[in-house]
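Asks: What the first sequence shows, in this note's numbering, is residues 1 to 316, in sequence order.
Among the hints, erroneous ones may be present.
Restricting the straight-line Cα-Cα distance to at most 27 Å, the calculated cross-link-like pairs of lysine-lysine (BS3-like) are [said to hold, decoys possible]:
1. 78 <-> 223
2. 273 <-> 314
3. 223 <-> 210
Estimated spans, in silico, between C-beta atoms of each pair [as the list claims (entries may be wrong)]:
4. 178 <-> 25: 20 to 26 Å
5. 78 <-> 280: 33 to 39 Å
6. 64 <-> 284: 26 to 32 Å
7. 205 <-> 264: 41 to 47 Å
8. 250 <-> 36: 38 to 44 Å
9. 287 <-> 175: 52 to 58 Å
10. 303 <-> 231: 53 to 59 Å
Bear in mind the hints are in silico, worked out from the structure with no lab data behind them. Cβ atoms here follow ideal geometry from the backbone N, Cα and C, with glycine treated the same way.
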Amino acid sequence: MTDGDASTLDAGDAPALPDDPEEVEAVRDALVEWYEADHRDFPWRRTHDPYEILVSEVMSQQTQLNRVVAAWADFLEKWPTAAALAAADRSDVVSFWSGHSLGYNNRAKYLHEAARQVTEEYGGEFPESPDELSELMGVGPYTANAVASFAFDNGDAVVDTNVKRVLHRAFDTPDDDTAFERVASALMPEGESCVWNNAIMELGGVACGKTPRCDEAGCPWRKWCHAYETGDFTAPDVPTQPEFEGSRRQFRGRIVRVLSEYDELALDELGPKIRVDYSPNGSYGRAWLQELVSELADDELVEIEDWDGNPTAKLR
DNA sequence: GTCCGGGTTT
DNA sequence: AAACCCGGAC
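Please put together the full structure from these sequences, using the hints given.
Replies: Here is the structure:
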């Protein structure tokens, strides 16, 4: 279809890819050649199994890649297929997640649920389009395109913060999601999502990180790059998170970790294991803990038994 | 000790 | 719009 973006594209100060289509082709070729000449050899880049890709993507969303390597291998050894994962107890999956310090335990739950969806709703066969993949629990636009790309070479351009940073610097793309979307899609060579999305994220990871390493990494886009020309390597704003130390997040994580070591634990036994200054009637006491545990129960990560008298928590 | 990363859900 | 995690780099 013809796009209705002509007015914005013609807006004079519109950011841009080179006008000449041959030049755009040169930009594409330069990146793909750079990637193919040398890149980090992550194990998930050696598979096209959609389940293995999904696991790596969900883990990568939140964790340094070094730790993902070990967790990914362990996870697949334990649950080699979507069917195997779907058959597991969720508490075991959450325990694994917590035990490998992967963070965001809800995502273990989502991954387990996604595996169940694949086996029960798709007969064990992963769907191959980004739209269908998006229906899986915990799979949003980024992960849907990543899995479609790396498993089936069937994705659209991924837009994660790496890609945004690269596009913002190289082509002065404004810090606006629809603009990133539009430029990323215009740039991706049709039908080459696997190599392309790997390449552009590799660029964001090794050459165009927060501190740019244009020359050291031999960035293939230096001759077109707006930032390289101007010296302004400003990156798009990333929302800053509230403090972690002392946060509810921190104690939720501790609770899950402790509960994965014990079958079940009364609140007054759990308390001291997550906080040295716990005392049942103190300011950080049973009422405080009860609320945290209740929220974990609302998230279906934890189960509370024995509500009358001596509440006990266990992984669900 | 301080800073850093980052997509999905509700 | 807000909540969610934790180790590693500096």
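Asks: Does each hint fit the structure? Answer for all of them.
Replies: The hints, checked one at a time:
no.: 1; hint: 78 <-> 223; result: 47 Å, violated
no.: 2; hint: 273 <-> 314; result: 14 Å, holds
no.: 3; hint: 223 <-> 210; result: 20 Å, holds
no.: 4; hint: 178 <-> 25: 20 to 26 Å; result: 24 Å, holds
no.: 5; hint: 78 <-> 280: 33 to 39 Å; result: 38 Å, holds
no.: 6; hint: 64 <-> 284: 26 to 32 Å; result: 31 Å, holds
no.: 7; hint: 205 <-> 264: 41 to 47 Å; result: 42 Å, holds
no.: 8; hint: 250 <-> 36: 38 to 44 Å; result: 42 Å, holds
no.: 9; hint: 287 <-> 175: 52 to 58 Å; result: 43 Å, violated
no.: 10; hint: 303 <-> 231: 53 to 59 Å; result: 56 Å, holds
Violated hints, in rising order: 1, 9; the structure is consistent with all others.
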